[in-house]
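The listed protein sequences correspond, in order, to chains A and B.
Here my numbering is used: the first residue of the first sequence is 436, the next is one more, and so on.
Here my numbering is used: the first residue of the second sequence is 57, the next is one more, and so on.
Be a bit skeptical, because a hint or two may be false.
Taking beta-carbon pairs under 7 Å as the criterion, some of the chain A residues facing chain B (in silico) [to be verified]:
1. Pro479
2. Ile497
3. Val535
4. Gln538
5. Gly539
Computed cross-link-like contacts, DSSO-like style, restricted to lysine-lysine with a CA-CA straight-line distance of at most 27 Å [said to hold, decoys possible]:
6. Lys65/B x Lys504/A
7. Lys533/A x Lys65/B
8. Lys65/B x Lys127/B
9. Lys70/B x Lys533/A
10. Lys477/A x Lys65/B
11. Lys127/B x Lys477/A
12. Lys477/A x Lys113/B
13. Lys533/A x Lys113/B
14. Lys477/A x Lys513/A
Simulated from the structure, these hints should not be mistaken for lab results.
Only a predicted model underlies this, so the values are computations on that prediction, with no experimental measurement involved.
Beta carbons: idealized from backbone N, C-alpha and C, even for Gly.
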Amino acid sequence: ILNVEQSPQSLHVQEGDSTNFTCSFPSSNFYALHWYRWETAKSPEALFVMTLNGDEKKKGRISATLNTKEGYSYLYIKGSQPEDSATYLCALIQGAQKLVFGQGTRLTINP
Amino acid sequence: NAGVTQTPKFRVLKTGQSMTLLCAQDMNHEYMYWYRQDPGMGLRLIHYSVGEGTTAKGEVPDGYNVSRLKKQNFLLGLESAAPSQTSVYFCATGQLNTEAFFGQGTRLTVV
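Isolated chain B (complex conformation):
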């Protein structure tokens, strides 16, 4: 049972490049979330999904897109990376009235 798996764990991008972060879960959870963690700012919600085929904006959605074509996968896309998107990205999953479970994080550096 892997739980919540994020791919990749580390990545260095050049400004303007694009990439996709994958969050995969085997817990059959309905809700999935993407956060970014920056020093002194805690976890900020980028986008989230309450079920397969649905997505919604969080607190800091600009510059990111997401898709949830399959229940177990939640993809976070950066179409044109900027240095301001240098961060650690966390995916989380959850169910109604239960805690969220987190992936191990993806450290992204945009140079």
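Here chain A stands alone, though its shape is the one from the complex:
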């Protein structure tokens, strides 16, 4: 069974602070790693798709890195804003296009 772990499970950050969280996964048979942002009462929306070891992606104040050899990815948010409050999900494709999600990190930005 594929095991995607995210930490921490929840995080409270002051507005303006930067933060980061982790996605860990089995490094064998890696195919791709996805990051999604999920707001309450909405559907998840993609942030990044990463396929190569050493990949770094950036979208505005949010960026992500990938280490497939050691099996982890970091998501960074710079200068957190209240609208960044959401659950952040990572998901792994490990061959055969099976997309399996971690439990998510719930981020709350305190004004």
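Use these hints to put chain B onto chain A, whose structure you have.
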């Protein structure tokens, strides 16, 4: 362009009843997925399909069946609903090396 559409949006079932959830996509994507979302457990993969006529089991397939007779539709069936199947169900679609796109979710309550 509707994207990914789930039918119905809400449903209440009695224990033992059966029903089918429909996921329809107009994005011509090969891969389709059914997930369930429960508090504190993120998105868990029920079944998925990598193409028309193919299906495969995910992490929590018991009690569910699926069919992909047409490329654009992925059906999730509950033959005999149980209270443990009370959940929010999400369908997603994707292509090789691209992000997944989600439907709006179906809230199912089994009483």
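So which of those numbered hints doesn't the model satisfy? 2, 6 and 9
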